[in-house]
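Colleague: Heads up: the sequence shown is residues -25 to -1, 1 to 160, going by mature numbering (1 follows the signal peptide of the UniProt record, and there is no 0).
Think of the hints as simulated: they come from the structure by calculation, not from any bench. All C-beta atoms, glycine included, are put in the ideal place defined by N, C-alpha and C. One or more hints might be untrue.
[As the list claims (entries may be wrong)] Computed Cβ-Cβ distance ranges for the label pairs, DEER-style:
# : residue 1 : residue 2 : range
1 : Gly33     : Glu95     : 14 to 24 Å
2 : Lys38     : Ala116    : 26 to 36 Å
3 : Glu16     : Arg140    : 24 to 34 Å
4 : Ala116    : Arg146    : 39 to 49 Å
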Amino acid sequence: MPLFRALVLLGSALLAGCGFQLRGAAPVPAAVQPLSVTCAESVPNALCDGVRSQLRDGGVELKAPGNHAHRLFLGSFRERRRASAITLDAATAEYDLRQDVTLQLTAPDDVPLIASADIEASEIYRYDDTNVLAKQREEEAIRTSLYQRLAQQVIFRLAPMTEDRVRAIRRQQATGEPSRDDQAP
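I would like the entire structure built from these sequences, with the hints used as guidance.
Modeller: Following this line, the structure appears as structure tokens:
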């Protein structure tokens, strides 16, 4: 029995040492906190609120814009729906719903930390034209799910912004030379 306990402790130590953590919002480094979140008019409120909510849940200090905070800007939201499968009688059988948004992260002194990054989420769903109301509700649920996926991807984009990475970006901005992270080995 002591051998089993030792193996369990060893496994736990290895798991903790490798950086394993449960799925969910990635931790946002202190290097980009406090943070203000601003969304363009084209960005749905549900997406903007989802990003703020996930940041709050992750313990990120949110501030009003212009309050000596890093600025996260979400803009250029687009949603596209296209038929991805057609039945024999030329009716739509499946739709592909895609959403994308552009994010920018700027330091309080206007140094761009993430100049512009496009994030996309998509879902394919079956469409039955005999049950239109249920399908409209399903499409709305899928749309909400895509907002949450986009919000989570925004958080994941912030996760690598450690103090070292921010310093490297600042050095690159000041000298015009690529940072060590950008150079090939």
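Colleague: Taking the hints in turn, state whether each one holds.
Modeller: Structure-based check of all given hints:
no.: 1; hint: Gly33 <-> Glu95: 14 to 24 Å; verdict: 22 Å, holds
no.: 2; hint: Lys38 <-> Ala116: 26 to 36 Å; verdict: 33 Å, holds
no.: 3; hint: Glu16 <-> Arg140: 24 to 34 Å; verdict: 31 Å, holds
no.: 4; hint: Ala116 <-> Arg146: 39 to 49 Å; verdict: 46 Å, holds
The structure meets every hint from the earlier list without exception.
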